[in-house]
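Residue numbers (our numbering), protein chains in the order written: chain A, 1 to 114; chain B, 1 to 148.
Treat the hints with care, since some could be wrong.
Stated by the list, open to error - Straight line, CA to CA, 30 angstroms or less: simulated BS3-like cross-link-like pairs of lysine-lysine:
| id | chain 1 | residue 1 | chain 2 | residue 2 |
| --- | --- | --- | --- | --- |
| 1 | A | K78 | B | K66 |
| 2 | A | K88 | A | K78 |
| 3 | A | K19 | A | K62 |
| 4 | A | K88 | B | K53 |
| 5 | A | K19 | B | K53 |
| 6 | A | K78 | A | K42 |
| 7 | B | K66 | B | K4 |
| 8 | A | K19 | B | K66 |
| 9 | A | K62 | A | K88 |
| 10 | A | K62 | B | K4 |
| 11 | A | K62 | A | K42 |
| 12 | B | K66 | B | K53 |
| 13 | A | K42 | A | K19 |
| 14 | A | K78 | A | K19 |
| 15 | B | K53 | A | K42 |
| 16 | A | K19 | A | K88 |
| 17 | B | K4 | A | K78 |
| 18 | A | K88 | A | K42 |
| 19 | A | K62 | B | K66 |
| 20 | A | K19 | B | K4 |
| 21 | A | K62 | B | K53 |
| 22 | B | K4 | A | K88 |
| 23 | A | K78 | A | K62 |
To be verified - With the Cβ distance kept under 8 angstroms, some of the chain B side facing chain A (calculated, not the full set):
| id | residue |
| --- | --- |
| 24 | A10 |
| 25 | D22 |
| 26 | F25 |
| 27 | S26 |
| 28 | T34 |
| 29 | M35 |
| 30 | L36 |
| 31 | V37 |
| 32 | L58 |
| 33 | G59 |
| 34 | R72 |
| 35 | H94 |
| 36 | L97 |
| 37 | Q134 |
Stated by the list, open to error - Derived contacts from chain A toward chain B, CB cut-off under 10 angstroms, selection only:
| id | residue |
| --- | --- |
| 38 | E37 |
| 39 | S71 |
| 40 | A85 |
Source of the hints: derived by calculation from the structure; they are not laboratory data.
Beta carbons: idealized from backbone N, C-alpha and C, even for Gly.
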Amino acid sequence: MKEDKSDILQGTLDLMVLKTLDAMGAMHGYGIARRIEQLSEKALLVNQGTIYLCLVRLVQRKWIGAAWGTSDNNRRAKFYSITRAGRKQLVAEAENWDRISGVIGRLLQLSSRS
Amino acid sequence: MNTKFRQYVARVGAFVRRPALDRDFSEELDSHFTMLVEDLVASGMPLEQARQKARLDLGARAQLLKAHRAARGLPTLEMLLRDLRRAVQILRRHPVLPLIAGVMVCLSRHGRQHRVAAIIILFVVMAVWCLASQCAKGNLDRQSVVSA
Chain A
1 MKEDKSDILQ
11 GTLDLMVLKT
21 LDAMGAMHGY
31 GIARRIEQLS
41 EKALLVNQGT
51 IYLCLVRLVQ
61 RKWIGAAWGT
71 SDNNRRAKFY
81 SITRAGRKQL
91 VAEAENWDRI
101 SGVIGRLLQL
111 SSRS
Chain B
1 MNTKFRQYVA
11 RVGAFVRRPA
21 LDRDFSEELD
31 SHFTMLVEDL
41 VASGMPLEQA
51 RQKARLDLGA
61 RAQLLKAHRA
71 ARGLPTLEML
81 LRDLRRAVQI
91 LRRHPVLPLI
101 AGVMVCLSRH
111 GRQHRVAAII
121 ILFVVMAVWC
131 LASQCAKGNL
141 DRQSVVSA
């Protein structure tokens, strides 16, 4: 069960997908990919198709659910939405992220003074 | 731990339902492609150019299918099965090799001294046959066969 990308990038992408679905409700893969491209300036996705590798992993962990539906433009698309377990994970991940960024922030301040 | 176990069960399930999940993902990519092209055309791009850009933005389909399979299933087991299938195919195409190997194993099991000679003869025959077939295919030149 080796994962290709580095764990930090993977974790960042997972967190962004969970947060996006939490904030914006059910979305299809295309919408999620576009949103993440906008936020990360293409730093996290090699191409838009890569989003599905993250999505399928999150579905398997039952952090998000997936169901076929119809888009605003009457297009058939698979919609993803966050589950209760996913919200719990999001809270835990966000706290973890806050703690780490706090530590790194303090560390960088320290080195710029000396 | 719970999540890990759940994911493992899901991976086994995905491995078993591979054809159906491949189709599902393929449809999802089709739908993504269509929406992306529509948006590009709506922003003023000519259709053919939009299709080309959408293909680039989405990524190569064959690669995505392969990566998706690896992300959701059991890639190591899949690779092992593919190698085994390939090995069986090759051995069926050249049945002399496994036949000789089988005879050698049978002979060595009985372990009588005079059978050692038979094994050596078989080995030499097999080695020559292998080299000759490689030579015929052009993988080796005659010089290296002679020096071997």
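Consistency of the hints with the structure:
1. K78(A) to K66(B): 20 angstroms, holds
2. K88(A) to K78(A): 23 angstroms, holds
3. K19(A) to K62(A): 15 angstroms, holds
4. K88(A) to K53(B): Between K88(A) and K53(B) the Cα gap is close to 38 angstroms, so the pair fails against 30 angstroms, i.e. violated.
5. K19(A) to K53(B): Roughly 28 angstroms separates the two Cα atoms, so the pair holds.
6. K78(A) to K42(A): The given pair, whose Cα atoms are some 23 angstroms apart, holds under the 30 angstroms limit.
7. K66(B) to K4(B): Within the cut-off at roughly 22 angstroms; holds.
8. K19(A) to K66(B): 27 angstroms, holds
9. K62(A) to K88(A): 11 angstroms, holds
10. K62(A) to K4(B): Roughly 11 angstroms between the alpha carbons, so the hint for K62(A) and K4(B) holds.
11. K62(A) to K42(A): 26 angstroms, holds
12. K66(B) to K53(B): 22 angstroms, holds
13. K42(A) to K19(A): Roughly 17 angstroms separates the two Cα atoms, so the pair holds.
14. K78(A) to K19(A): 18 angstroms, holds
15. K53(B) to K42(A): 15 angstroms, holds
16. K19(A) to K88(A): 11 angstroms, holds
17. K4(B) to K78(A): Answer holds: K4(B) to K78(A) is near 25 angstroms, not above 30 angstroms.
18. K88(A) to K42(A): 27 angstroms, holds
19. K62(A) to K66(B): With a Cα-Cα distance of about 22 angstroms, the restraint between K62(A) and K66(B) holds, given a limit of 30 angstroms.
20. K19(A) to K4(B): 21 angstroms, holds
21. K62(A) to K53(B): 33 angstroms, violated
22. K4(B) to K88(A): Given pair K4(B), K88(A) holds - Cα atoms ~16 angstroms apart, limit 30 angstroms.
23. K78(A) to K62(A): Holds, at roughly 16 angstroms.
24. A10: Result: holds, 4 angstroms to nearest chain A Cβ.
25. D22: 12 angstroms, violated
26. F25: 7 angstroms, holds
27. S26: 11 angstroms, violated
28. T34: 6 angstroms, holds
29. M35: 5 angstroms, holds
30. L36: 6 angstroms, holds
31. V37: Cβ of V37(B) sits 11 angstroms from chain A, so the hint is violated.
32. L58: 5 angstroms, holds
33. G59: G59(B) check passes; min Cβ-Cβ to chain A is 3 angstroms, inside 8 angstroms.
34. R72: Holds - the Cβ of R72(B) comes within 8 angstroms of chain A, reaching about 5 angstroms at its closest.
35. H94: Since the shortest Cβ distance to chain A is 34 angstroms, the answer is violated.
36. L97: 34 angstroms, violated
37. Q134: Nearest chain A Cβ about 36 angstroms off; hint violated.
38. E37: 9 angstroms, holds
39. S71: 7 angstroms, holds
40. A85: With a minimum Cβ separation of about 8 angstroms from chain B (threshold 10 angstroms), the hint on A85(A) holds.
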